[in-house]
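**Q** Sequence:
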Amino acid sequence: MRALTCADVRRPTVEERRNEILEVTCQVVIERGFGATRIADVAAKLGVSTGLIHYHFESKDQLLAETFQWAAEADLARLHAEVERGSTAVERLERVIHLYAHVEAEPAWMLWIDGWGEALRSPTLQKISQELDLQWQQVLAGIVRDGVTAGEFRCADPEATAWRLTALLDGLGLQVTVHDGLLTRDQLLGYVRRAAATELDVPEGAFERAAKRVARVVA
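Quick note, the sequence shown lines up with residues 1 to 219 if you use our numbering.
If you are wondering where the hints come from, they were derived from the structure by calculation, not from laboratory data.
Check before you lean on any hint, since a few could be wrong.
Once the Cα atoms are required to be at most 20 Å apart in a straight line, the calculated DMTMM-like pairs of lysine to aspartate or glutamate come out as [as the list claims (entries may be wrong)]:
id: 1; residue 1: LYS212; residue 2: GLU82
id: 2; residue 1: LYS127; residue 2: ASP75
id: 3; residue 1: LYS212; residue 2: GLU84
id: 4; residue 1: LYS60; residue 2: GLU82
id: 5; residue 1: LYS60; residue 2: GLU84
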């Protein structure tokens, strides 16, 4: 059997290495927060030198900003994929609500909560955070408009409804994540479904029926 040589071992591409660094930085930020994260912490967790991190990112500020952007784009990709699976406006909206209710249980929510706080002090993170929130709101507004067109919803101002539902989801998700035992995931789902039913003039049970269809598909 031929022995492996250096030529047989494929080195990661620049893009692969950058993505690896960004993924590990996400983990460190979740553990330590944006303010306490150091390049040395990322290098240690990745098992590389700080010089390698600096080779790909000029500064800690650039690393943290690109990490936040990278995580935001991953979340948006997951959101769009989930919405596309819905066959009706009610089901698409239920999928967004369901996604929120389950994402809040993940450690990644700590990154967003900490990121919102850092956005108050960092213009770069503020811009990324604003773009992320706007895109989530636009996805919801698009679902509401489609539902009105299809006759599923009655809503005079889809943009305003989308903002109110987004704010409710963010606020309840924060409470469930930060204040252990204050609210349950089922309560979050119930409160948001009730608000959506009122906003869109549909029976609250429409979302619960959609949730059962989603559960059968997943199962």
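**Q** Against each hint, give a clear statement of whether it holds in the structure.
**A** Cross-check of the supplied hints:
1. Distance hint between LYS212 and GLU82 is fulfilled; the C-alpha atoms sit about 15 Å from each other, no more than 20 Å.
2. A distance of roughly 16 Å separates the Cα atoms of LYS127 and ASP75; the hinted pair therefore holds under the 20 Å criterion.
3. As the CA atoms of LYS212 and GLU84 are separated by approximately 17 Å, the hinted pair is consistent with the 20 Å bound.
4. Proposed proximity of LYS60 and GLU82 is contradicted: the alpha carbons are some 33 Å apart, above 20 Å.
5. A hinted pair counts as satisfied when its Cα atoms are at most 20 Å apart, and LYS60 with GLU84 does not qualify at roughly 36 Å.
Taken one by one, the earlier hints fail for this structure at numbers 4 and 5, listed in ascending order.
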